[in-house]
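Trainee: Please build the complex by placing chain R on the supplied structure of chain S, with the hints as guidance.
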Amino acid sequence: MNTTDQKAPGESGLYNRIAVLRAEREISRQELADAMDVNYQTIGFLERGDYSPSLKLALSLAEYFALPVEAIFSKRPLQPLSQQVYGTGRARASHKFETEAEESK
Amino acid sequence: MRSELVLFGKRINMASQTRRRRLVTLIYAGFAFLMAAGWFLDRWQIVSSTLILFSASYVSRLVLGGYGTEGRGMVKPFLGNEVRARYTKNPNSYWSRLCRLTIPNVADEREFCSDEREMRRRDGAHEVAYRRLGMVVITAFLVAYFKNAALPLLLKDGTVLPSVFFDQLIYGLLIVAFILFLSLPQAILLWTEPDMEEPQ
Numbered sequence: 001m002n003t004t005d006q007k008a009p010g011e012s013g014l015y016n017r018i019a020v021l022r023a024e025r026e027i028s029r030q031e032l033a034d035a036m037d038v039n040y041q042t043i044g045f046l047e048r049g050d051y052s053p054s055l056k057l058a059l060s061l062a063e064y065f066a067l068p069v070e071a072i073f074s075k076r077p078l079q080p081l082s083q084q085v086y087g088t089g090r091a092r093a094s095h096k097f098e099t100e101a102e103e104s105k
Numbered sequence: 001m002r003s004e005l006v007l008f009g010k011r012i013n014m015a016s017q018t019r020r021r022r023l024v025t026l027i028y029a030g031f032a033f034l035m036a037a038g039w040f041l042d043r044w045q046i047v048s049s050t051l052i053l054f055s056a057s058y059v060s061r062l063v064l065g066g067y068g069t070e071g072r073g074m075v076k077p078f079l080g081n082e083v084r085a086r087y088t089k090n091p092n093s094y095w096s097r098l099c100r101l102t103i104p105n106v107a108d109e110r111e112f113c114s115d116e117r118e119m120r121r122r123d124g125a126h127e128v129a130y131r132r133l134g135m136v137v138i139t140a141f142l143v144a145y146f147k148n149a150a151l152p153l154l155l156k157d158g159t160v161l162p163s164v165f166f167d168q169l170i171y172g173l174l175i176v177a178f179i180l181f182l183s184l185p186q187a188i189l190l191w192t193e194p195d196m197e198e199p200q
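Residue numbers (our numbering), protein chains in the order written: chain S, 1 to 105; chain R, 1 to 200.
Calculated directly from the structure, the hints in this document are not laboratory data. From the three backbone atoms N, C-alpha and C, an ideal C-beta is built for every residue, glycine too.
Lysine to any residue pairs mimicking SDA-like chemistry, simulated, CA-CA at most 20 Å apart: (1) S:K56 to R:R120; (2) S:K56 to R:A85; (3) R:K147 to R:V136; (4) S:K75 to S:L55; (5) S:K56 to R:M119; (6) R:K147 to R:F166.
Beyond 12 Å from chain S on every Cβ pair, some chain R residues (computed): (7) L7; (8) N148; (9) P162; (10) L174.
Next comes chain S alone, as it looks inside the complex (with noise of 0.2 Å):
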């Protein structure tokens, strides 16, 4: 995946990885929600980029997920995690034999 591919931020003008790392972690928006004492609602808008959280809730998100802030929230578009794990060019052949697959079909 390009990273210029990357869907552009809501009104917040913030890439964020709340749902990668939700979805990760197999915890559902209200669990989040609950963690974070805030609506689940609240989450659905900082997942779309649609609010920007204050420092507070950043923070708290940074540590609920054990990861810094950074890798979480970003102004420029964030590489996907596994091309950030994997290093670029393994995420590109994994992405080229993605495309292989399906052209394939």
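Mentor: What follows is chain R alone, placed relative to chain S:
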């Protein structure tokens, strides 16, 4: 904001923005009808103005929410966080006991308090409502100014305009200001909040 409106014990799903916009339109159409009826009834004098003001208070408390702390209506109490903070600070005080008796939702934080996004939206809606309300009050002032200061100078020849017309217009504008004061911030919130999602 709540996704359901409880009206006379009946739960109405209001998660859709279209539905909420219809509700706001219906409410203001109702107020417009009452204003028109009040004009024909007694020119917004004591009977019609009382009827309109009570209706506005009733709709604000029961349907729109926001003002008051009973926690009824679509919008959570504007002062919910402040009341809740005072309540939890000293739950055994006379004030807190009175709260438990008079405010059914005070112990339910989710139902009673707004989170940071809702607070930000609340403040934004009040800012917009403040400007709209200001326009109505300024218009009422300008009508009064025109009647008392400018009109006598313009009509030096002794022509008499029915000053009662201006009085009624000012009165009508002040009733509109009262309606907007009680309903506009909540109406802005209901109008602008996107479709609500189900918790996943």
